[in-house]
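*Asks:* Model the placement of chain B on the given structure of chain A, informed by the hints.
Each chain is listed here by its residues.
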Amino acid sequence: MATYRAQDVVCSRQIQAATACSDSVDMPSNGEYQVKSAPGPAVASGALDRASLMARFEGDAELFEEVSAVFIHECPRMLAELKAARDHEDLVALRAAAHTLKGAVSNFTGGAAREAALVTEQQARHGQHEAFRTAETLEALVTEVKAALVRATASTTKRLA
Amino acid sequence: MKALLVDDDATSRRLLRLALARSFDWEIVEANDGMEALRELEAQDIDVVFLDVHMPVMDGIEVLEALRGSAKHAALPVIMLTNEKDADTVRQVVALGVDDYLVKPLSPGQISSRVARAIAQYAQRPQTAGASRSSWLQAGCTVLLVDGDAEFRAFFKKTVGPHATVMTAESGVEAMRLCAELRPHTLLVGSGTGLLTPPLLVKRLRANHQLDAISILAVSMDKERPEWASEGVAGHVTKTFSAAGFLTQLRRAYGTTTADTAPNYADTLATAAEQALGMMLAVHVERLQEPDAPHDGLTATVDLSSSTASANERVWLHCSNDSARAIASAFKTIDVDQVSEADVRSALGELIGIIAGRMQQAMREHGVNRVCSNARVESARPALEATTSVSLRAAAATVCVALATAVDMSADAVA
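Chains as they are written, first to last, in our numbering: chain A, 1 to 161; chain B, 1001 to 1415.
Note that these hints are calculated values from the structure, not bench results. Values in this document were obtained by computation on a predicted structure and should not be read as measured data. Cβ atoms here follow ideal geometry from the backbone N, Cα and C, with glycine treated the same way. Worth double-checking, as some hints may not be accurate.
[Unchecked claim] One side only, chain B facing chain A, incomplete, derived with CB under 8 Å: (1) S1012; (2) L1018; (3) P1056; (4) M1058; (5) K1104.
For reference, chain A alone in the conformation it holds in the complex:
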């Protein structure tokens, strides 16, 4: 079990390096976030290649392509909701947006983006304004996942063509 302080969360590199495959975050009274190791396909630290993104799809390339397309399409809207919540300093909306992103991104990776979404959600739930800073990291990480999915699905499309 690894332990992180809230401020660590803003560093996406640290999250990527240390929390791939994590599944849940508890917030104990000392303000530290405990990240527990959990089940799921192994996703290499920071790796967002096609193989790792497809791991949860059990080798079903067609399913992966279709679900990726939905994520790529929905991503701008989900990020816009996150940004709007940040702009309005609305913790309730931020929590909801982070929760939705967590669900969406976890279909592809249990790594840093999911972790950042989870921490944002937890911080917002507890009324912590650090959530707005964490959400910035979340936005960047989700954008990385989206870009990786675009690359991963484009290469398949090209190969099939």
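*Replies:* Just chain B, lined up with the frame of chain A:
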């Protein structure tokens, strides 16, 4: 077959839709939140619902509450989509009753196998006495009301008509004739019945061996059961023109008259334990069958009615060794590498309360309103409690304690 997928995350909805399409030839309807889901449920005939827990506007638990409180949708199969380990959330979900759960992020292989299993179990459920959540009134069930009030008879037809085959009579004589000719399942006896007054009508019906299987419910303006209904009458309904209020009362009273055979609480128990554990650990728990197990499990007697005349006034609340072993087997399927021991201990700690909550709800659904004896449960309880924290295999004992707790909770409610 038509399935409704309710999730605010379009990516997860698409994954579920496509994974279902791989195995099932179903029509799929989607909803983005709970309110949209209710609109779809009102507009269409949905056969199964896949329901996310956390959603904007209206969450999954609120939708589940609405479904379970609706006569039309109470028995609709619901498969919960969850990665929510919070014990309170799991407690609410399990108490309300779901058919199965899928752990998020969704796995295509798990979707297929779990859903196939859940649907198969649902298909078998109506044959299991006491397991149906909406068996209180059915289309094939005939209900006769005798009451001199024409307005109330019209209200009765309009309100109960959608749930059962309904007949009315304005006098006791006419009711007697209809009972002899049509043998309704239930007779509701109101007031103003003419020469054949309510007590005379009940007396004549109970004296006729061909008609004594008809369940009789008294209907009166009072909140208390009328004096004439103390013998030979299974329950009482207060006269009202509120459709919801009348149906709720009727459902409760009717539940007390229909337990011809013992409800299968053991299955409810086993399913609740399996779901509670699986959701709290965010793993898919399988229940294994262990045939040829002895049947000398834990038993409690539950009184279904304060009436002394009903032949169906008692059911056996039974936790057989089979179901206890099934839960123990379920624990065996958990990959200990996937979950931490602390999580398992925590889940076990919550399990008793959650299962007890589900059991109490199930008993209420069957109209249980009084526990008349739980001596055997009590005598077994100390020994069982002593073993609950020993190991995962102690799940069997955990279940038995949960059963005892559920019985005690009902007893407390009466007191």
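*Asks:* With reference to the structure, classify each hint as holding or not holding.
*Replies:* Hints and how they fare:
Taking 8 Å as the C-beta contact cut-off toward chain A, the hint placing S1012 (chain B) at the interface holds, the least distance being around 5 Å. Checking L1018 (chain B) against chain A by beta carbon gives a least distance of about 5 Å; that is within 8 Å, so the hint holds. Interface restraint check: P1056 (chain B) against chain A, minimum CB-CB distance 5 Å, threshold 8 Å, status holds. The criterion of a C-beta within 8 Å of any C-beta in chain A is not met by M1058 (chain B), whose closest approach is roughly 13 Å, and the hint is violated.
At a threshold of 8 Å, the smallest CB-CB gap from K1104 (chain B) to chain A is about 6 Å, leaving the interface hint in force.
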